Amino acid sequence: MYNSCIRLENVVTLKEGVASGQIVKVSTLSFLGDVDRQSGRIISQDVGNYGRVIKDAILITKRFRGSTVGVYVLYSMCKRGLAPKAILMCRPDPVVISGIILCDILGVSNIPENVYEKVPDGVNAILKCDKNAIELCFT
Amino acid sequence: MYLSSIEEKMLNGEYGEVIEKAMKVIVKVGETLGAEKLVEISHAHISGVSYFNIGDEGLELLEDLSNRGARILVYTSANPYSFAGLALYKDSSLLEKQMRIVKSLIKMGVDPNSFTCTPYKLRKPGIGEHLAWAESSAVIYANSVLGARTNRESGLTALMAALVGRTYYADMHKIENRKACEEVVVLFDINSILIASLLGLYIGKVAQCIPYIRARYRAESELMFDLMVRNMLASISATSDLPMAVLEGVTPQHTYVIERSEIISVNLKELEDMDLKCYSDTMLIGCPHVTLDELKLLLMDRHLDLLKKQGIQRIIVTVPKYIEKRDNEVNALIQRMREKYSIEVQILPGGCAVVSNLRFLNFMTIATPHGKALHYLQNLAGVKPCTIHV
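Chains W and U supply the protein sequences, listed in that same order. The opening position of the first sequence corresponds to residue 148 in this note's numbering, with each subsequent residue numbered one higher. The opening position of the second sequence corresponds to residue 14 in this note's numbering, with each subsequent residue numbered one higher.
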């Protein structure tokens, strides 16, 4: 997958734009409880990438879980420069989507699960969001 | 998205900047979720009240909204606040900041008697009512037990929906999406809050879509039955994003559709991983909140004998804010517990333990039968949770 791109049509993009960052994959996540809001570090051991900081990352998650307060945690992290550059999700989650909108970062939902599985963890990537299509290139 | 003329005016700023911003967020979230229109709501419920969770940034956002004239259009309740609001910390700035959050919400029109995670005990929605509720445990209860319709709104979209009196018409608002597609067969009796909780935590982890749950409940009373169901659902919502579960014999008919495929059987052995066996002399009750009548049931003599045997010396109870009006009953209960069992009971109206820093209050471990507390206490409150059979 290195030095290659994935192009996806028929996903839902929240806005158009380009972002680059390291891929951080987590199978499930709640911004409240699974992420330390002071440091942006993943603090739950059952979600994947325990201890990694999500600041400036391209975060990709299969599904979110739990608290509806996650929106405030994401918002507060944005205000302090600790938020990811982009959030990609397989299952659309109203809590996180509203946080992405308030933070004005890139967001994509309806990523197919087999694509999630294929995306390599920890590599640098460039994400380009168009209207309902994305290109994710790994470097 | 189709918008009525009044909704267009809201979006175009004719009702002011706050309404315009709120409408933009609701419409954008709705478009992302495929909504073709908005729907009027009768009740909004806001989460994100604890200063420990939303921080200075959240506080400033709420104060800014309330100072710019934001006012709710429909009945709106709010979640409990952190123990900072009950003046339990030495640091007075925590109390001051927590109360600024509470005051901002009340200024916007939030019911000052609410501050509970069980808003359905304060105002019970009817079947088919459209709501915009945050607080995952209340959302799943409203959809699954009351047959009302609400998505798992974020704390902020619930507030925005309250300001415009509407939310996006998608997901749980439409009957075709209230579709159970996995059957969960529980192979043991649900006979306590703890068992209901552990089961809920497990179901949340394994269910991929709205589950249809077939189970036998063995409850001594209606109150206990409701407590078990509430805790099972709250636990499901802690470990998943599910806004609903169909409970056989409980969920009102015609409020869901069934497309059953896979069957998941659950036996007691599968709950062992979630049974956090350790010891604490302090127990937490009230996550989700309990009413005074429910508390009296849980503190009946035969239950207390068991708790005493398990070494419990102190019980912290979180209850809805409106219970502070029943001072006499609360004091009588505390006195009886002290005199008869030498157990200190602390009843905290409007408070939530999970969203409070309990390490600052010198707690190291807390015993609780509540699945939601078992899931969050370690990472949010900084204390080790232990299971206790209640």
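Worth double-checking, as some hints may not be accurate.
To be verified - With a straight-line Cα cutoff of 30 Å, these simulated DSS-like cross-link-like pairs (lysine-lysine) come out:
| id | chain 1 | residue 1 | chain 2 | residue 2 |
| --- | --- | --- | --- | --- |
| 1 | W | LYS232 | U | LYS116 |
| 2 | U | LYS50 | W | LYS202 |
| 3 | U | LYS41 | W | LYS202 |
| 4 | W | LYS278 | U | LYS116 |
| 5 | U | LYS41 | U | LYS192 |
| 6 | U | LYS116 | W | LYS162 |
| 7 | W | LYS226 | U | LYS187 |
| 8 | W | LYS278 | U | LYS41 |
| 9 | U | LYS34 | W | LYS275 |
| 10 | U | LYS34 | U | LYS116 |
Said to hold, decoys possible - Okay, the calculated bits of chain U under chain W, using three or more residues with CB under 8 Å as the criterion:
| id | segment |
| --- | --- |
| 11 | 70 to 84 |
| 12 | 144 to 152 |
Calculated directly from the structure, the hints in this document are not laboratory data. The structure presented is a predicted model; accordingly, all values stated were derived computationally and were not measured. Ideal Cβ placement from N, Cα and C applies to all residues, glycine included.
Comparing the hints with the structure gives:
1. Simply put, W/LYS232 and U/LYS116 have alpha-carbon atoms about 34 Å apart, too far for the 30 Å limit, and the pair is violated.
2. Note on U/LYS50 and W/LYS202: the hinted pairing is violated, with a Cα-Cα distance of about 35 Å set against a maximum of 30 Å.
3. The suggested pairing of U/LYS41 with W/LYS202 holds, with an alpha-carbon distance near 24 Å, which does not exceed 30 Å.
4. Restraint check: the Cα-Cα separation between W/LYS278 and U/LYS116 comes to about 41 Å, which exceeds 30 Å; the hinted pair is violated.
5. A hinted pair counts as satisfied when its Cα atoms are at most 30 Å apart, and U/LYS41 with U/LYS192 qualifies at roughly 25 Å.
6. Straight-line distance between C-alpha atoms of U/LYS116 and W/LYS162 comes to about 35 Å, which puts the hinted pair past the 30 Å bound.
7. Proximity of W/LYS226 to U/LYS187 is assessed by CA-CA distance (about 35 Å); at most 30 Å being required, the pair is judged violated.
8. Simply put, W/LYS278 and U/LYS41 have alpha-carbon atoms about 14 Å apart, close enough for the 30 Å limit, and the pair holds.
9. Using a Cα cut-off of 30 Å, the hinted pair U/LYS34 and W/LYS275 holds, with the two alpha carbons roughly 27 Å apart.
10. Only pairs whose Cα atoms come within 30 Å are accepted, and U/LYS34 paired with U/LYS116 is accepted, the gap being roughly 22 Å.
11. Beta-carbon proximity to chain W at under 8 Å applies to 3 residues in the segment 70 to 84 of chain U; the threshold of 3 is reached and the given coverage holds.
12. For a cut-off of 8 Å, the count of residues in the segment 144 to 152 of chain U with a CB near a CB of chain W stands at 4, and the three-residue condition holds.
Hint check: violations occur at hints 1, 2, 4, 6 and 7; the rest are consistent with the structure.
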